[in-house]
Amino acid sequence: MAVHTSQSVAKAAGDDVARGRSRGTGNPPPPGKLRRALSTHWYAWTMVAPVVVVIGVIIGYPLVRGIFLSLTDANERNVARSIGVNHLPATYKFVGLDNYADALTGEQFLGTLGWTLVWTVSCVSITFVLGMALANILNRRIAGRSAYRMALILPWAVPGFVSVFAWRFLYNNDRGLLNKILSGAGFDGIDWLGDPTIAKVAVIVVNVWLGVPFIMVALLGGLQSIPGEHYEAAEMDGASAWQRFCHVTLPGLRPVSTTVILLSTIWTFNMFPVIFLLTRGGPGDATQILVTQAYKFSFEISPRDFAQSSTWGVLILVLLLIFATVYRRVLRTQGDDW
Amino acid sequence: MTTATTPAARHSAPKVRKRGERSPLASTALHLTLIVASVIAVFPVLWVLLTSLKPAELASTTDFFKETTFENYTNLIKDTKFLTWFGNSLIVAGLTTLIGVIVSASTGYAVSRFRFPGKRGLMWTLLITQMFPVAVLIVPIYNIMAGMGLLNKPAGLVITYLTISVPFCAWMMKGFFDTIPREIDESGQVDGLTPFGTFWRLILPLAKPGLAVTAFYSFITAWGEVAYASAFMVGEDNLTLAGGLQLFVNQYGAQWGPMTAASVLIAIPAALVFLFAQKHLVTGMSAGAVKG
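Line order of the protein sequences matches chains A and B.
Counting from 1 along the first sequence, just add 9 to a position and that's the residue number in my numbering.
Counting from 1 along the second sequence, just add 128 to a position and that's the residue number in my numbering.
By construction, these hints were calculated from the structure, which means they are not laboratory data.
Yeah, the Cβ is synthetic: ideal placement off N, Cα and C, and Gly gets one too.
Quick look at which bits of chain A chain B covers, simulated, 3 or more residues with Cβ under 8 Å: (1) 61-73; (2) 142-150; (3) 170-184; (4) 216-230; (5) 291-304; (6) 329-341.
Among chain A residues calculated to face chain B with C-beta under 8 Å, some are: (7) His50; (8) Tyr52; (9) Leu163; (10) Ser319; (11) Trp321.
Take these sequences, add in the hints, and give me the full structure.
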């Protein structure tokens, strides 16, 4: 709090002026106030200006266009485009909320949403439980701890798309190691990515494998910040190991775990590369999540359906915003200052 | 002294262990769990490494060290566009990182130190843009890039990646600036430095490790990005690594030899740097995320 661009007068006024969007001058206060705000805050505003401009131009504008496209029937054939030297103007038209109505009443969106939720919940919960278990073990004094730690972090260190290809290699039907092992043990090979149900399990396994290191490391950091005295006190009171875990460790990890759960939920919900590179959403559309399906509309089918894709995109964003807001609110009612 | 008392103590209370001590059984169980987990974590990567060293015709076999060869690597570099893709990725990820860090450094500082109208809104925007699914922006950006003739050009991809890297860098750097004591700013002010001067002369040099980690992480993110790269870049010469690797494993059959060799060349440098940087990485992330 030591350094302000402002004198203390404007500081107090600061928080209730323009707390909406990032534009510094949004919600314009009366001119006198504005001039005073400008003279006291221009330093801060200048320093944030590059980011505000960049976000406005390359995120804000496309976002607005995306929302607009979702209200039209735009596709590959009717958007403005150039063929050779001829420039064809756009001929798509405004259709209001039709796309949203179609998506929300049709089977495809709801079906994909259902699997996306299953995918997100199972990935996040399995990843969290495994990450928590490993973090707890690694937090003990144990021989070779840093070697284990390095090994366990490895999946996070390798670029995601490389790992996914490694798994595709393992899952491969006739050349993959998993089926080699099975046949070596006298079983039939499994069509890992070709059977709808098994493919679902297979993609979850890969995502869990990719996700455990981050959660483990984050929780390990959290564990190390819990004061040892708390455990000693609990031990004095005769708490068992399990009770110490429930009453000291879990509450102590709360700030970290709420954050990592939020982050990994959002990441998993949008986890494009795993699905796209492993199964392309197949077999059929069995493993298609919302993000990959939206991508498919605009880049894999013909004619490319930009309107539908944008609609799904906006719906995904709305779902995530609702989730994040509710999550925060629940935490706040439970007394977390988050 | 201990040796004198030990026999008696052991006799009277054989089951009591000091805090932090474990029975051999528990120790074994812990080690076993860690070993199994480590094997699962390392194995897929190791398997790719081993396969890349086998002659192509043996790629699908499970026997190792029968014949070790670098032919997959030499073929990869001679017969494919791997080096081109590598260069494209390097240019795109490098520029994204450079621009991202430069643009967002002062914002991270301002958000960490000043209180000003619009700050809350800005923080929210930074947070929310990080949860933007690629699906919301990909179509409009694609159309805009097509209109500007930037599709299939590194510049187009760099601009696109800035949508990811700028909010992220600003957020993460705020976390790092928060860890630098405010007394330093005060001393700068006392010496007559402007707020920007304080930032530039005093804080930025101190924040160098944080900047490095932020830069590293945004580089890795751009390096591994798949969706935009697959949609925006077509034609063998323009692909980045994420796109190029897909060529080896398409529906017309898989060339596991070059694929595994390429994977190793992409993964090993990244992994080495990552393992060195990860400690700071996590500090920065949790500082940014947890303290909000």
